[in-house]
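As given, the protein sequences belong to chains B, H and C, one line each in that order.
Okay, so the first sequence: first residue is 100 according to the working numbering, each after it adds one.
Okay, so the second sequence: first residue is 458 according to the working numbering, each after it adds one.
Okay, so the third sequence: first residue is 19 according to the working numbering, each after it adds one.
It is possible that some hints are incorrect.
[To be verified] Below, a list of computed lysine-lysine pairs in the DSS-like style, where the Cα atoms sit at most 30 Å apart:
| hint | chain 1 | residue 1 | chain 2 | residue 2 |
| --- | --- | --- | --- | --- |
| 1 | C | K66 | B | K308 |
| 2 | C | K72 | B | K261 |
| 3 | H | K604 | H | K490 |
| 4 | C | K34 | H | K476 |
[Unchecked claim] Rough simulated footprint, nothing fancy, chain B against chain C, three-plus residues with beta-carbon under 8 Å:
| hint | stretch |
| --- | --- |
| 5 | 51-59 |
| 6 | 188-199 |
[As the list claims (entries may be wrong)] DEER-style ranges, computed between Cβ atoms:
| hint | chain 1 | residue 1 | chain 2 | residue 2 | range |
| --- | --- | --- | --- | --- | --- |
| 7 | B | I236 | H | M487 | 46 to 52 Å |
| 8 | H | H611 | B | M153 | 30 to 36 Å |
| 9 | H | H578 | B | T339 | 35 to 41 Å |
| 10 | B | M153 | C | Q246 | 52 to 58 Å |
| 11 | C | A275 | B | Y163 | 31 to 37 Å |
| 12 | H | E661 | B | I338 | 56 to 62 Å |
| 13 | B | E147 | C | V50 | 33 to 39 Å |
| 14 | B | I236 | C | K66 | 46 to 52 Å |
| 15 | C | P61 | B | P129 | 27 to 33 Å |
Keep in mind that the hints were calculated from the coordinates and are not lab data.
The beta-carbon is built from N, C-alpha and C at its ideal position, and this holds for glycine as well.
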Amino acid sequence: MRYIMKKVLSMALTLFVVSICVFFAFSLIPGDPVTRMFGTQATPELIEQYRQKMGLNDPLIVRYFRWFTSFIQGDFGTSYDYKVPVAGMIAEKIPITLTLAIMSFVMMVIISIPIGIYTAKHENGIADHILTVINQIIMAIPPFFSGIIMTFIFGIVFKLFKPGGFVSYTKDFWGFIEYLILPAVAIALPKAAMATKLLRGSVIDEAAKDYTRTAYSRGNTTNGVLYLHVLKNAMIPVITFMGMALADMVAGSIVIEQVFGIPGISRILLTSINNRDYPVVETIIMGIATMVLVINLLVDIIYRIIDPRIEVED
Amino acid sequence: MEIILDVTDLHIEFHDHDKPETVVEDFDLMLEKGEIVGIVGESGSGKSMSALAIAGLLKRHALTKNGRIMFDGHDLLTCDRDILRSYQGDEISMIFQEPMTSLNPVKKIGWQVEESLRIHHKDMDKKERKRRAIEMMTSVGLREPEKVYNMYPHELSGGMRQRIMIAAAMIGEPKILIADEPTTALDVTIQAQIVELLRKLNKEKGTAIIFISHDLSLIRQLCQRVIVMQAGNIVETGKVEDIFRAPQMAYTRKLIAAIPQIDL
Amino acid sequence: MKKFLSMFKKNKATGKRNTYLIMGTIITGLIVIIVLVGLFYTPYSPTKMDSSAKLQGFSFKHIMGTDHMGRDVFSRVVYGSRITLAIATFTVLIGAGLGTIIGAITGYFGGILDEFTMRVVDAMLAFPSILLSLVFVSLFGTGTYQVAIALGISFVPSFARIVRGEVLRCKNMDYVEVARLQGVSDLRIIFVHILPNITGVLVSTIMIGFNNAVLAEAGLSFLGIGSQPPYASLGNMLSDAQSYLFSRPSYVLGIGATIVLMVLGFSFLSEGMKRWK
């Protein structure tokens, strides 16, 4: 329990630091938001009036705390371009991106674990050699390219889905999930290849350790040693990787959403980056940062459950 | 006396390099019920390899094995893998040199002590298994066995871990316990305690022990018979007192001379 | 150089060749040569449009076909590879350069500075690299140079971490102690005595760096926030090509395959160097 409390506190601290970095970075860039809002219609009086109204003349620290307190209360500010609250703009989009990331994660896990175990078990066999080469190649294929190839094969040649025919989860939940399968595969493939490679190496390393000999001496079968003894140890480094991969997938969804025409947070993020609509960019970055930190926290907790040695090292 | 293990002409050869390398040649051992036999020799003399062969723990590839290891009417070198496994941990147990790494770091002590029971006595219920584990842990001299039962290996000292290894090996009340340098990695005081414990278990349970060491003084304390090995061959064998009184081979004399002169 | 060439010989102990290293060198070498030749000669001008030859498939005349404006895709790929490689090189230079300096100094001196820097580095490393570069792109604006700088900065933490670890390992070795006793200055110890000893790790890390930089650059320009036309990089071109997936599916292949080969070359190189040791 103390371990978890400690991790939660450290997460809160990191998030605080991230928020400072994000806020100050975006406040220090040249360019005045009010001028930016009114463009050519801006007159000095109008600008001054709005600066007062938005509190932009206050010191940076004051503005930061005002921004931070409203942020944690769920008020993310107003978009410069659309003049609507950012919260409303992204609220429907988050579930889409998050679903995509989670589906990719599940696929990575179900692809990599069996193949990783199989190739480790049959180390240096024919299947192992072939899969190792395939793995190395898959790692080099960026998801946006494999996504395009899959669109062509499954969308245009076999007509198994309609490219660009995204359905919202509010209308047809299973249709929504179905549309996300290929994008999820595209995101999952290179990560699954890396996880497979890592797991294979990890199982082989662990299988050479002394405790496996002890396990055999008690009459375990090869599978007994593998599944009851080796696997839990071998998963420790893999879990770290998978946590990082999940965080990567949240961010990686942004690219793949473009390929498959999925209206997640990607489009809003990209237009607001191009238009320098900072409240939107800040919110999305803080949102992804929070997700990443929560994922890290979960990984730490799982870690603690699997590896009893951790608390001692602290 | 009843002979429970009969090893004849054991020959082990490694193949992982270009030239095959013989590590054990013509190893013979007849083990009587309840006796303690020592195998002594320098590192690389083939004593551990012979022990691993008897325990059925030599990997099946990268080496060839010849000869016979007769136990309970089966030749452990050629018999079915299932038959071999049915003896491992139940009739023939083994403890190792490195108590720090021989236990699984992410499994609870209790789970590891009980493992042989779980494998060989599938019908035994959980409570009975735990009762036996606690009993065994008590008899290897662990204080607060209930508490240790739920601990992990890293929370214990090397000596305690070796006691756990012994408890796990003895829980199925095996006929043979193979102890491969079980005290080498431990402090001198703890060494003596472990040797004393092995003697006690041998007396109480009637388990025969094959005790492997490079330290003749330990063998002298514990064993009735000794086999002296050098470069894969048995160079001398006989009763411990005979060998100490009148060593036949120069190599044995060298080993005796190497014992520090603080006789116990 | 001799040391480098010896990498291609059979390993004496195992009698095996380092296939990864050989393949990596061949692929990367080929791409670099084509890009270098492309500085002086491409089959067609990458910008020359030909309205009579739009969206053609693979042929001997146009080995990767033509695009929607009738431009020769292969010539454009050669040109785009140059941009991608240039940005990747710049990225790795910034990342490895700054990262090495920061990692070496914090690792060698330790103390509060080290503690603080590593906290920041860890916080940055916790974030997906694409997000980090998006943050920097939105700060610096979109464009070729901005993206190169943004990617470069987002690569600093991983290099800093690795170099710091290596410096910590070497810091208390005998040869460093001896140098210190002889009164050699700290900076000289770091850069003349320690760094040459960690080149092995550094080179393999740089190769992975290239691998990741190519992927990141292609991803960003695919999103349209990387380098901008007329400096179209491979990612921009792939994004263009996707629009013609119906009418000319093979259009994406040449471009995509080039990205994959480029990444594969670097990943084989780094894998090969790891196994060589």
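Taking the hints in turn, this is what the structure says about them:
| no. | hint | in the structure |
| --- | --- | --- |
| 1 | C:K66 x B:K308 | violated (63 Å) |
| 2 | C:K72 x B:K261 | holds (26 Å) |
| 3 | H:K604 x H:K490 | violated (35 Å) |
| 4 | C:K34 x H:K476 | holds (18 Å) |
| 5 | 51-59 | violated (count 0) |
| 6 | 188-199 | violated (count 0) |
| 7 | B:I236 x H:M487: 46 to 52 Å | violated (59 Å) |
| 8 | H:H611 x B:M153: 30 to 36 Å | violated (57 Å) |
| 9 | H:H578 x B:T339: 35 to 41 Å | holds (38 Å) |
| 10 | B:M153 x C:Q246: 52 to 58 Å | violated (32 Å) |
| 11 | C:A275 x B:Y163: 31 to 37 Å | violated (48 Å) |
| 12 | H:E661 x B:I338: 56 to 62 Å | violated (44 Å) |
| 13 | B:E147 x C:V50: 33 to 39 Å | violated (57 Å) |
| 14 | B:I236 x C:K66: 46 to 52 Å | violated (34 Å) |
| 15 | C:P61 x B:P129: 27 to 33 Å | violated (44 Å) |
Violated hints for the displayed structure, listed by number in ascending order: 1, 3, 5, 6, 7, 8, 10, 11, 12, 13, 14 and 15.
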